[in-house]
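Keeping their order, the protein sequence lines are chains X and P. Reminder that position 34 of the first sequence reads as 34 in this note's numbering, one-by-one numbering, no gaps. Remember, this note's numbering sits 1000 above the position in the second sequence when you count from 1.
Simulated from the structure, these hints should not be mistaken for lab results. There could be a bad hint or two in this list.
To be verified - Chain X is faced by these chain P residues, among others (derived, beta-carbon under 8 Å): (1) F1083; (2) E1108; (3) H1124; (4) G1285.
Said to hold, decoys possible - To spell it out: a stretch of chain X is covered by chain P in this simulated footprint if at least three of its residues, at any positions, have a beta carbon under 8 Å from a beta carbon of chain P; those stretches are: (5) 426 to 438; (6) 441 to 453.
Glycine included, C-beta positions come from ideal geometry on N, C-alpha and C.
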Amino acid sequence: MIATRVAAEPPVVADPMVPPRRHLPPLFLLGASGAVAVVLLAPLLFLLIEASGSGVGTIAHLIWRPLTATLLWNTVRLTVVVTALCAVIGTLTAWLVECTDLPGRRIWAVLLVIPFAIPDFVVSFGWASISTWVQGFQGAVLVMTLAVYPLVYLPVAASLRGADPGLEDAARSLGLGRVRTFLRVTVGQARGAILGGCVLVALVILAEYGAFEILGYQTFTTEIFTEFQVSFNVPTACALSLVLVVLGGLILGGEPVARGKGRAVRTGAQAQRAIRRHRLGRATLPVHAALAILVALALGVPFGASVYWMFAGGAFLTGVSLLDAGWHTALYSGVAAALATLLALPVALLAVRHSGRGGRLLERSTYLVLAMPGLVIALAISYFAERYAAGFGYQSATLLIAAYAILFFPLALVGVRASVAHAPVALEEAARSLGRRPDEVFLRVTLPLIGPGLAAAFCLVFLACATELTATLVLVPTGVQTLATQFWAYQQNLSYGQAAPFALVIIAIAAVPSYVLARYFDRLPSRAGTAS
Amino acid sequence: MSEPGAPIAPDRIGSTSVPAAAPASLAAPTATEGLTAADLHKAFGDHPVLRGVDLTVPDGAFAAVLGASGSGKTTLLRILAGFERPDRGVVAVGGVILDDDHHHLRAERRRVGYVPQEGSLFPHLTVEGNVGFGLRVREGREAEIAELLERVGLSGLGRRYPHELSGGQQQRVALARALAVRPRIVLLDEPFASLDAGLRATVRADVRAAVRRSGATAVLVTHDQDEALSIADLVAVIRDGVVAQVAPPRDLYESPVDPDLARFVGEANLIEGISYGSAAETPLGWLELRDGHRPARQQVTVLVRPEQLRVAASAGGGPGVAARVVETGFHGHDALVRLVMEDAAASPMVARVVGGMRLEAGAQVTLKVTGPVHCWPTPPAGDASPDLPAAQPDAGPG
């Protein structure tokens, strides 16, 4: 039947006018990704323009003074101590959950991750509102460690889940004891994950504003915020921002160096043996107690304090303002999340499907955003709009949404990348060879495959925006409150009772969906391959 | 059906690097039937991958494209499928041009069935959804899918999702999916590479049978010479971006175009000798030449396949050349024995013997060659030129 049809259109049936566009998709993608990279790096550019506007001499003078040294000392010692603590706590808890026969592992796995979803400024509020000891350096160490250790826990747990149990067996057979096996093989295998987590921890501490403000601990971010928002001293804010960005760049750039060249190599089929769990034996009870204390401190205190203040604070629920703030939060976060997901798509496509040098470089460059704290991004955008764009969008939601999209682009990229990897190009080719037009292929193959991942990426960014405080404080339109800014206003007035409901709402909208999303991304790899 | 008027330059068609040795089992193909690729060039950046590939596959034949990794075989397949466009050259199926310098028929309009390397089933669709993906008609759809699944031996698994299938089952579904659109050509990209050795043989045989029943012309790409020789009617060896030889498996194995190809397709003993008409004098004695007549007193390189060497214990004292066993590689059904000849400085030889035969290292044996052998004139300077033709005009000295 087909043979006759084909023969009926002799002798030439090829479309005469298909242009030679073999290289067009990469070019188009390159262009789009390049544009995205420019947008993402715009704040850095604005910052540099600002700095050069003030004059190099002025900036240098502003940097070269005792204040900078104090801030540097405060920031660096906090970063080092918290990162080290997080590395230890995150790795140990991940090992306990993934590699031992700890009873109730699944419940612990959830409880250990939830603190990550609670914004640092809420944790800080919880602690500071019930204890005067929690302030300054020791307060910052306590609060930040409890708030961000999951950044180490999550990647290490994932890495241990995928680790090759054969390596531990090999180490034992080579005469290493249990402890040395743990330190040299287990930790060694998870080294990349631990390091990656530590980098994230350090970057979060550099960027954190709200928690330190509450605790009265002075870092670069708190000082920049004061200079810009309170004293309107733009050159100083700009000079300090530059130092902060350089610090972030150092941390980001140091990671590949510290990671080294070792890669997990595995020969043979991917069939994975079940992990043989270590027996805790008599240590079971003490381990349970330690984990319970950790969860109580990280989760119980902020939550408990909020509940306490809500009922004991003497204030009552301001329902209207809660609804109003919630609406604006949802609106801004939703638009920003859609935008960030959209921006991430071409970069992810380029990185996954055309892993050439240009694509890798572009993808890398977008990660530079990680070195830019939200405060710096917000200041750069706000200042630039005011000064050079004739106030375009100033005091409107546009700038806030742009700042969100830039700030959380790396988060969106992680999600979109995973989803694009889910739709390998071979599937689209197979679909086309079955006679489907490109638009049909997109609707019937590509979209169903990447859709859930895109939705997940959207949700990730949405949650991050909804709980963002620092950039929001700078860029929120006048007369508008979001959940975070309203909480902040009450908290600043020491109206704990009125702040508490906002804290609880923020916890609720952050924690529950985060858990669902974490489960989703956990399941991704196992569903990725078509070959079992 | 195949009009001679199809605008293909006649000098390009059917020109393989070997004088057309059409397999006897196949009807002599006219140039426009089946699949024709002529003078295909493709480069990625500065890196040429295909440098003038010519390949003709008769209608309904099962061809294998055999090549080492990086030889360009996958690129050839992707061009045939329409995923890549050749820089130069012609692709035609059944007399209809799919690619030439001015035309490029897009993949979705070629009706070329494509079975990707890892199966590449749509993970969000069931087996039925996958198989029916290319079907556009509604009525009879279910019956058709059921028939296709039965043809590949997967009846009753239609409701499963790809991740619930074994690797072999996934490959069968991928084949059924490709056959559903009743393609004239089926392209298979190393479809068995990821399967367990035990599974491979059965899946291979079933795929072969299913493709044959569909009547489609098939092109299988592989780096596995056993696979190519066992599955195909016609094997094309691709080397450095050109087709080195196209021949039925037996001809390819017995009469490869040059010593390099002989070593690539199976184990080969290459020994020097002097030809006298239809026989050659070698360290293994007088050997009958396969291709008939050779000019007298010509230096030749003779190909002796391991299974052509009869090994006998010396105690028997039979006729043959004395040799000593160096080592034996036991494979169960057979064994490969490495030997050195006692009196010659020739390099070690490999012989294939039945697995039950016990030959310890150091054992004295005698060697005898059975059957006719293939030979090539030895290049004078001693450098093995790959382009020597298998036949030469009778113009030798004497």
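inquiry  = Restraint: E1108/P near chain X, CB-CB cut 8 Å. Satisfied or not?
reply    = holds (4 Å)
request  = Would you settle whether the hint for H1124/P is holds or violated, based on the nearest Cβ-Cβ distance to chain X being less than 8 Å?
outcome  = Holds. Min distance 5 Å.
request  = With a cut-off of 8 Å on the beta carbons, see whether G1285/P makes it to chain X.
outcome  = Violated, about 46 Å.
ask   = Per the CB criterion, is F1083/P less than 8 Å away from chain X?
value = holds (5 Å)
task = Report holds or violated for chain P covering the segment 441 to 453 of chain X, Cβ cut-off 8 Å, minimum 3 residues.
result = holds (count 5)
key: Check of the segment 426 to 438 of chain X against chain P for coverage (Cβ-Cβ below 8 Å, three residues minimum)   = holds (count 12)
When the structure is compared with the earlier hints, a violation turns up for hint 4 alone.
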